[in-house]
Amino acid sequence: MQSGTRLGFYLLLTPLVLWLALLIVIPHIDMFLVSLRERVGVRQYETSFANYLTFFTEPLYIWTFVRTAVMSVLATIITLLIAFPVSLYIAKIARGRLGQVLFVLCLIPFYVSELVRTFGWMILLRETGLVSNLLQWAGLADQPVEMLYNDAAIMIGLVYTSMLFMVVPLVTTLESLDDSVIEAGYDLGGNGFSVLREIIIPHAAPGIVSGSIVVFMLSLGNYLTPTILGGKDSLWFTEMIYNQFIVRFNWELGAAFGFMLLILSSLIVWGMLKLTRQSLEETMG
Amino acid sequence: MKNQTVKLAAIGLAMAGLAQTANADTLRLLTWGGYAPEDVVALFEEETGHTVEVTKSNNEEMIAKLRATGGGGFDLAQPSQDRITGPQLEFGIYKPIDVSKIDQGQFIQSMLGATMANTTVEGEVYGVPHVWGTSGLVMDTKAAGDIVKDYTDLCDPAVAGKVSYRLKRPTLIGFAFAMGMDPFAAYSDADAYGEVMSKVEAKLIECKSNVKTYWGGGDELMGLVRSGEVVASMAWDTGGWKLNADNPDITFVAPASGALGWIDTFVLPAKGQSDNAAYAWINFVMRPEIAAKITAAAGNFTASQGADAYAEDALKARYQASFPPEAVDNIKWYPPVPAGLEAIEGGVLDRVKAAQ
Chain B
1 MQSGTRLGFY LLLTPLVLWL ALLIVIPHID MFLVSLRERV GVRQYETSFA NYLTFFTEPL
61 YIWTFVRTAV MSVLATIITL LIAFPVSLYI AKIARGRLGQ VLFVLCLIPF YVSELVRTFG
121 WMILLRETGL VSNLLQWAGL ADQPVEMLYN DAAIMIGLVY TSMLFMVVPL VTTLESLDDS
181 VIEAGYDLGG NGFSVLREII IPHAAPGIVS GSIVVFMLSL GNYLTPTILG GKDSLWFTEM
241 IYNQFIVRFN WELGAAFGFM LLILSSLIVW GMLKLTRQSL EETMG
Chain F
1 MKNQTVKLAA IGLAMAGLAQ TANADTLRLL TWGGYAPEDV VALFEEETGH TVEVTKSNNE
61 EMIAKLRATG GGGFDLAQPS QDRITGPQLE FGIYKPIDVS KIDQGQFIQS MLGATMANTT
121 VEGEVYGVPH VWGTSGLVMD TKAAGDIVKD YTDLCDPAVA GKVSYRLKRP TLIGFAFAMG
181 MDPFAAYSDA DAYGEVMSKV EAKLIECKSN VKTYWGGGDE LMGLVRSGEV VASMAWDTGG
241 WKLNADNPDI TFVAPASGAL GWIDTFVLPA KGQSDNAAYA WINFVMRPEI AAKITAAAGN
301 FTASQGADAY AEDALKARYQ ASFPPEAVDN IKWYPPVPAG LEAIEGGVLD RVKAAQ
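Chains as they are written, first to last, in UniProt numbering: chain B, 1 to 285; chain F, 1 to 356.
FYI, nobody ran anything at the bench for these hints, they're computed from the structure. Please note that the accuracy of each hint is not assured.
As the list claims (entries may be wrong) - Stretch by stretch, here's where chain F covers chain B in the computed footprint (C-beta under 8 Å, at least three residues):
id : stretch
1  : 121-128
2  : 240-249
As the list claims (entries may be wrong) - In the DSSO-like style, the derived pairs of lysine-lysine whose C-alpha atoms are separated by at most 27 Å in a straight line are:
id : chain 1 : residue 1 : chain 2 : residue 2
3  : F       : K316      : F       : K149
4  : F       : K56       : B       : K232
5  : F       : K199      : F       : K149
6  : F       : K168      : F       : K199
7  : F       : K332      : F       : K199
8  : F       : K242      : B       : K232
9  : F       : K316      : F       : K332
10 : F       : K293      : F       : K242
11 : F       : K208      : B       : K232
12 : F       : K168      : B       : K232
13 : F       : K56       : F       : K168
14 : F       : K168      : F       : K208
15 : F       : K199      : B       : K232
16 : F       : K149      : B       : K232
17 : F       : K316      : F       : K293
18 : F       : K332      : F       : K242
19 : F       : K316      : F       : K142
20 : F       : K142      : B       : K232
21 : F       : K203      : F       : K168
22 : F       : K149      : F       : K168
23 : F       : K271      : F       : K65
24 : F       : K242      : F       : K56
25 : B       : K232      : F       : K203
26 : F       : K95       : F       : K56
Keep in mind the model is a prediction, meaning the values are calculated, not measured. Note that beta-carbon positions come from the ideal geometry of N, C-alpha and C, so glycine has one too.
I would like the entire structure built from these sequences, with the hints used as guidance.
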């Protein structure tokens, strides 16, 4: 390599290395060290794995994590089921201007902050809200209906929040699928279902996987939506981390929780990739 | 000659300007919503030349923010008086207040004395009082007035699905008192306190099905009560009084076992950089006419001597309706929270939240 190109290479590499080191690696090392401290008295700390032990011995914490992970997986699946037809329509059926308009329509809710979007759902779903009034007006309900503060409300919020992150990779991969391949599938005697199963889905697999990873991680790490829409039953792992850090002043346990979230979520993503026989290299192109 | 005078005057003015900038500091104030209203900030900036940057927060976040920086980033903070000695012992995030720089005559003496005593660590005073108030019950008296007299009545089947409270420490304390226990007496003994809390935990889990939702912020609660979705809730007095202005049926009621009294204070963060501006702010806002403006904005009374005279009549009437003299005597003032109690309470709150 010539010295000029080499210099350019390092110059280009520097921001990435700085980003990784300063914002990701160093804070994580620091957090790991904090998680190994055990408070034994006022301003007295010892190094131990007590905080991790707390996570594994208190069923409440494991239960919360499992609940969060299962609901995130469910949210990912629902998002995929809704986003796939939408993306297929945008990429293959509505071409040109209409496709662009539809794409922008998917984007518009993201012009406002997540907080505002979530409050929008509160206005719709609450007991004195729009949906409840509409049902009563239509005679389908004879008293106000409460649709907020339960797991279904959390799910609606999560799916709505992450829809765009599934649509974008799906549209991109589906657009790269040559129409003549689909046509050939039909010519060879395939029907709609078998073309979808044998041609479209395998081609879109990298998009499906990358979209699913993003949506899963976003749901797992979401704090606002479960807390606001879930009400008294909104048990979410990130909320526990927040509580430990801010409300309980227990940074040590909070840091341990943070690490468990990192490790367990990485394991889940890895397991999913194995299960679906995808590799990260393929997905990332 | 004339030219000379103009020059001199110009130099004089410039020097005055320099002197002004040398004395003028930026006061970074970490406070609650309503405690630093814009008109008060503007008056202060005009009078002293200091500028004020206001950050709104709550007790836990204030302490967490100061802990993260070791007491830096702010010049004046306003945690409640019971949350000063514990965090100070544990994290060392405050510095002592030089009480001689404070105009003590402006304070209600009993409140000043009690706050200073409660915030003394190793002989140094760390806090002086600012705003005080209580938490108790906010309710629609028509719908729930006959049923809900105390915190535990929120669990009455007659109001099922129409009550709310916060899942935070005041709720634990309030329920403990309503159940006939004295959590404050158990503060110094972690085992005894754990026992009190486990009884409260059982009660709160049993009560959970009655609750519509645990409210998080004041605005959320306002929405719930104003829309009629919630008829009774544990809340701050000001919340009830604000709603009372719109709907006379809704007001704040001191519970039978006693309202819980809090005092928000002034403390100096350990690495605060403009103490002079901080002292100037304290002395400025404790003036009766300025304190009355803060009362109008926050809805709560201050520890300023004589500010009552400037307060709105409507607010005074609401206060007197909620607090007959015997209810005032029955207010339970929070004693300082010893370091480490939060862990016990945290476990209880987590388990209540997780209960089905």
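Here is how each hint holds up against the structure:
no.: 1; hint: 121-128; verdict: holds (count 3)
no.: 2; hint: 240-249; verdict: holds (count 8)
no.: 3; hint: K316/F / K149/F; verdict: holds, 23 Å
no.: 4; hint: K56/F / K232/B; verdict: holds, 26 Å
no.: 5; hint: K199/F / K149/F; verdict: holds, 20 Å
no.: 6; hint: K168/F / K199/F; verdict: holds, 16 Å
no.: 7; hint: K332/F / K199/F; verdict: holds, 20 Å
no.: 8; hint: K242/F / K232/B; verdict: holds, 25 Å
no.: 9; hint: K316/F / K332/F; verdict: holds, 21 Å
no.: 10; hint: K293/F / K242/F; verdict: holds, 16 Å
no.: 11; hint: K208/F / K232/B; verdict: holds, 8 Å
no.: 12; hint: K168/F / K232/B; verdict: holds, 12 Å
no.: 13; hint: K56/F / K168/F; verdict: holds, 19 Å
no.: 14; hint: K168/F / K208/F; verdict: holds, 14 Å
no.: 15; hint: K199/F / K232/B; verdict: holds, 20 Å
no.: 16; hint: K149/F / K232/B; verdict: holds, 23 Å
no.: 17; hint: K316/F / K293/F; verdict: holds, 14 Å
no.: 18; hint: K332/F / K242/F; verdict: holds, 23 Å
no.: 19; hint: K316/F / K142/F; verdict: holds, 22 Å
no.: 20; hint: K142/F / K232/B; verdict: holds, 26 Å
no.: 21; hint: K203/F / K168/F; verdict: holds, 15 Å
no.: 22; hint: K149/F / K168/F; verdict: holds, 21 Å
no.: 23; hint: K271/F / K65/F; verdict: holds, 12 Å
no.: 24; hint: K242/F / K56/F; verdict: holds, 20 Å
no.: 25; hint: K232/B / K203/F; verdict: holds, 16 Å
no.: 26; hint: K95/F / K56/F; verdict: holds, 21 Å
Hint compliance for this structure: no hint is broken.
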